[in-house]
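> Let's have the full structure, built from the sequences with the hints guiding it.
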Amino acid sequence: ILNVEQSPQSLHVQEGDSTNFTCSFPSSNFYALHWYRWETAKSPEALFVMTLNGDEKKKGRISATLNTKEGYSYLYIKGSQPEDSATYLCAFIRIYNQGGKLIFGQGTELSVKP
Amino acid sequence: SQTIHQWPATLVQPVGSPLSLECTVEGTSNPNLYWYRQAAGRGLQLLFYSVGIGQISSEVPQNLSASRPQDRQFILSSKKLLLSDSGFYLCAVAGGYNEQFFGPGTRLTVL
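Protein chains in written order, with my numbering: chain S, 1 to 114; chain P, 1001 to 1111.
It should be emphasised that the hints constitute simulated quantities derived from the structure, not laboratory data.
The beta carbon of each residue, even a glycine, is placed where N, CA and C say it ideally should be.
There could be a bad hint or two in this list.
[Stated by the list, open to error] Looking from chain P toward chain S, a few residues come up when the C-beta cut is under 7 angstroms (computed):
{"#": "1", "residue": "Asn1032"}
{"#": "2", "residue": "Gly1043"}
{"#": "3", "residue": "Ser1057"}
{"#": "4", "residue": "Ala1094"}
{"#": "5", "residue": "Asn1098"}
{"#": "6", "residue": "Glu1099"}
{"#": "7", "residue": "Phe1102"}
{"#": "8", "residue": "Gly1105"}
[To be verified] To be clear about the criterion: a stretch of chain S counts as covered by chain P if any three or more of its residues have a C-beta under 8 angstroms from a C-beta of chain P, and this derived list gives those stretches:
{"#": "9", "segment": "22-34"}
{"#": "10", "segment": "44-55"}
{"#": "11", "segment": "91-101"}
[Stated by the list, open to error] Restraint ranges, calculated between C-beta atoms of paired labels, are given here:
{"#": "12", "chain 1": "P", "residue 1": "Gln1002", "chain 2": "S", "residue 2": "Arg61", "range": "26 to 32 angstroms"}
{"#": "13", "chain 1": "P", "residue 1": "Tyr1097", "chain 2": "S", "residue 2": "Glu39", "range": "19 to 25 angstroms"}
{"#": "14", "chain 1": "S", "residue 1": "Lys58", "chain 2": "P", "residue 2": "Leu1082", "range": "43 to 49 angstroms"}
Okay, here's the thing in structure tokens:
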């Protein structure tokens, strides 16, 4: 059974705080790790697609790192804003994966108070 | 870039009634297609995926079925809905490194 674990489950921060989440995944047969942002009443949208050990990606105030050898990825948000409030999902993909299936974590629900 | 259409956007159905949700994709050919569900208070669960016309793989035993009658059409069905079928249903198409592009979703409430 392949498990993708995300922590924390939920996070409440004040506007301007910086925060980070963790995604843990199996360290063997790695193909890719994705981060998605899912706002209420909308569809998930990809933030990052990460494929190489040591990858660091950045989009505005949001960045992510990847360690495939130990099986974890961090997502960082610098200076959180209320519009960052959403559920952040990570998804793991194995190599030799029929159908290209993703295994999603349960998500981290972020709430940013003004 | 591809566009994913889903309908209906919302649906309220009685227990025991049939279901048909449709997903169509534009801007790509021979895509891998996926049906996901988010039940209340739970994460995103993969229900079915399809790598081609008539090819359906089911991920979890359930009350639902899927069909792919055309290259860019993916249908989710049930003969008799259960209360536990309520949730938010998302269709997705795979891009590079299997990045998922999601449709707008269907909110299903079974009463």
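> Evaluate each hint against the coordinates.
Checked hints:
At its closest, the beta carbon of Asn1032 (chain P) sits 5 angstroms from a beta carbon of chain S; the interface hint therefore holds under the 7 angstroms criterion. Hint status for Gly1043 (chain P) relative to chain S: holds, with the closest Cβ pair at about 4 angstroms, below 7 angstroms. Hint status for Ser1057 (chain P): holds, given a least beta-carbon distance of 6 angstroms to chain S, under 7 angstroms. For Ala1094 (chain P), the interface hint holds, since its Cβ comes within 7 angstroms of a Cβ in chain S; the closest pair sits about 5 angstroms apart.
Annotation: interface hint on Asn1098 (chain P) holds; nearest CB of chain S at approximately 4 angstroms, less than 7 angstroms. Proximity of Glu1099 (chain P) to chain S holds as hinted, the smallest CB-CB distance being about 5 angstroms (cut-off 7 angstroms). Because the smallest distance between the Cβ of Phe1102 (chain P) and any Cβ of chain S comes to about 4 angstroms, under 7 angstroms, the interface hint for this residue holds. Taking 7 angstroms as the C-beta cut-off, the interface hint given for Gly1105 (chain P) holds, the closest approach to chain S being about 6 angstroms.
With a cut-off of 8 angstroms between beta carbons, the segment 22-34 of chain S has 3 residues touching chain P; three or more are needed, and the interface restraint holds. Residues of the segment 44-55 of chain S lying with their CB closer than 8 angstroms to a CB of chain P number 5, which satisfies the three-residue condition for coverage. Counting residues of the segment 91-101 of chain S whose beta carbon lies closer than 8 angstroms to any beta carbon of chain P gives 7, which reaches the threshold of three, so the coverage claim holds. At roughly 28 angstroms, the beta-carbon separation of Gln1002 (chain P) and Arg61 (chain S) lies within the given 26 to 32 angstroms, and the hint holds.
Take Tyr1097 (chain P) and Glu39 (chain S): their Cβ atoms lie about 23 angstroms apart, and the range 19 to 25 angstroms holds. Checking the proposed 43 to 49 angstroms range against Lys58 (chain S) and Leu1082 (chain P) shows it holds: the Cβ atoms sit about 44 angstroms from each other.
Violated hints: none; the structure is consistent with every hint.
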